[in-house]
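Residue numbers (my numbering), protein chains in the order written: chain A, 1 to 98; chain B, 1 to 466.
Derived from the structure by calculation, the hints contain no laboratory data.
A virtual CB, placed ideally from N, CA and C, is assigned to each residue, including glycine.
Where hints are given, some of them may not hold.
Claimed, not checked - These stretches of chain B come out as covered by chain A in the derived footprint (C-beta under 8 Å, 3 or more residues): (1) 96-104; (2) 183-189; (3) 230-242; (4) 301-313; (5) 332-338; (6) 341-353; (7) 370-377.
This is what each chain is made of:
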Amino acid sequence: MKLTPQEIEDIAKLARLELTSKEKKKYAEELSVVLDYIEMLNEVDTDGVEETSQVTGLEDVVREDEVNECSEETKKKIIDQFPEKMGKLLKVKAVFDK
Amino acid sequence: MNLNELTIKQAHDGLKKGDFTSVELTNACLARIKKRNKKINAFISVFESEALEEAKKADEMIATDRQQELTGIPFAVKDAINTLDRRSTGGGKILDNYISPYEATVIKKIRNQGAVLIGKSNCDAFGHGASNENSMYGPVCNPHDEKRVSGGSSGGSAASVADNQCIFAIGEDTGGSIRQPASFCGIVGLRPSYGRNSRYGIMPMASSLDTVGPLTKTVEDCAIVQKIIEGKDEKDATTVETQNLASSKKKLRVGVPKEYFEVEGMDEEVKKIIEEKIETLKKQKIEIFPVSLPMTKYAIPVYYIVVPSEDSSNMGRLDGVRYGVQAKHKTLYDLYAKSRAEGFPEEVKRRIMIGTYALSAGYYDAYYKKAQKVRTLIIQDFNKIFEQVDLLITPTSPFPAFKVGEKKDDILAMYLADVLVAPAAVAGIPAISVPAGETKKGLPVGLQIIGSRLQEDKILRLANLI
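Please construct the entire structure, taking both the sequences and the accompanying hints into account.
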């Protein structure tokens with residue numbers, strides 16, 4: 001599987017990673033090597049094999065959907081770390097264009 | 001013997017008898033860190049004044065008969081684990097300024113005993129790596145040879161224990177990140193069964209594989225810490241109530257899987273050291289059987305699909321919006337893309353991109369689904385063997401610690417460093433690395449013991465004999 005710098009650019013855009021053109025070239029080569037290696041799994045016959053998505057064997061672990069208030073002190077610690085804020089509110093750039 | 005060289009057991013007994021105080025013990029560790037951190041680089045943050053405060057409180061606990069097993073014992077925590085009111089960078093610059101407002105469950109359990117949090121240990125950023133060269137705070141050097149790597153990703157945790165900068169440490173193991181550095185640094189490291197120890201508060205990488213466990217100087221210490229940190233936690237739905245570690249005296253049947261000794265790049269000296277250990281065990285009346293695990297070689301390709309896929313999703317939370325370092329930006333897209341470009345090292349970017357690709361439309365079946373099916377076959381491989389034997393013995397790593405820079409540009413070679421530790425991780429079963437000897441150059445070699453799910457007691461029993 002050979003990835004092109006253009007494909008890397010598309011993936012990076014989806015993943016929200018800014019890359020230089022030098023990086024795009026480098027990652028295209030490196031990721032191609034990894035994907036080639038992973039191809040090895042195609043040797044394995046997996047017809048009729050179930051997928052494993054968890055290993056605990058636990059089923060339906062549920063809890064009450066309750067709000068646990070955190071202390072004013074903890075709230076302050078979280079708010080103090082907002083990169084940009086207005087009072088107690090997190091300030092972000094507009095999501096939609098006007 | 002200097003105080004910082006003590007084991008948990010020895011330090012506990014000394015504190016109990018009043019031979020020394022926790023303040024003295026903590027000062028001994030701090031002095032060692034001061035002397036060595038420039039060279040070894042095992043710590044990203046050291047909490048000198050806070051640690052001494054905690055040590056004073058511990059001394060009061062001891063003086064008033066409230067001593068528990070870890071009271072007054074200085075320990076280090078991998079920086080990718082959240083510690084209340086302490087800087088927790090995860091080894092990545094995107095969290096350079098992050099002070100955690102909460103504490104991981106396992107750390108809470110340890111600190112509730114009055115243990116002294118001395119600092120946060122260096123690691124490959126957010127657990128991504130096998131050499132600690134992917135930390136944005138510089139590589140960790142191996143205390144046995146400073147030109148060589150500590151292993152990773154819990155490299156700082158392993159090096160700090162091996163270099164006596166603390167008494168024990170806590171690390172994470174997703175694909176080998178406790179066992180491999182423990183092996184390179186010559187200490188004991190346990191990856192518990194998936195779900196045995198709560199991951200609440202651990203910065204997640206691959207949620208279906210992540211575990212947290214102890215790195216210690218002895219097997220006895222490992223059992224002490226493991227017993228304290230395990231158990232069900234309502235904040236981690238994968239956790240289970242566990243049986244006591246105290247175990248039966250039933251004779252152990254041990255398998256030696258041939259595939260683990262035949263991997264590419266297997267160092268002859270390492271192989272010989274492990275084989276000699278197996279011979280010694282035979283003399284101690286442990287039954288040894290040659291066994292075969294034909295799916296072994298597929299663990300790494302499975303790992304490098306499953307992990308990046310889950311990883312790319314987990315890393316999504318690190319975007320510079322709510323906490324951490326926000327890059328200068330003009331648009332919302334820039335905020336994300338620049339913060340992540342500046343705040344992640346190369347390996348994190350690589351894995352995010354592999355995962356994004358593997359999960360994208362049209363590729364999901366070919367990659368992720370296929371890998372999850374092969375994962376089932378790897379588990380079945382182990383299940384079959386564990387009907388015949390209780391435990392497996394293997395080398396932890398095909399080779400001892402390699403030189404800093406040696407594998408850094410060869411992505412695949414670095415990934416394959418985990419070839420012997422990844423299978424147990426993929427299967428979610430427990431495994432330990434214990435020191436088995438040294439090469440002629442004086443580099444430690446680790447022996448791995450793998451057990452079936454929740455059979456840590458058997459693993460520790462056999463590890464005690466190594």
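Quiz item: Hints broken by the structure, by number, lowest first?
Solution: 2
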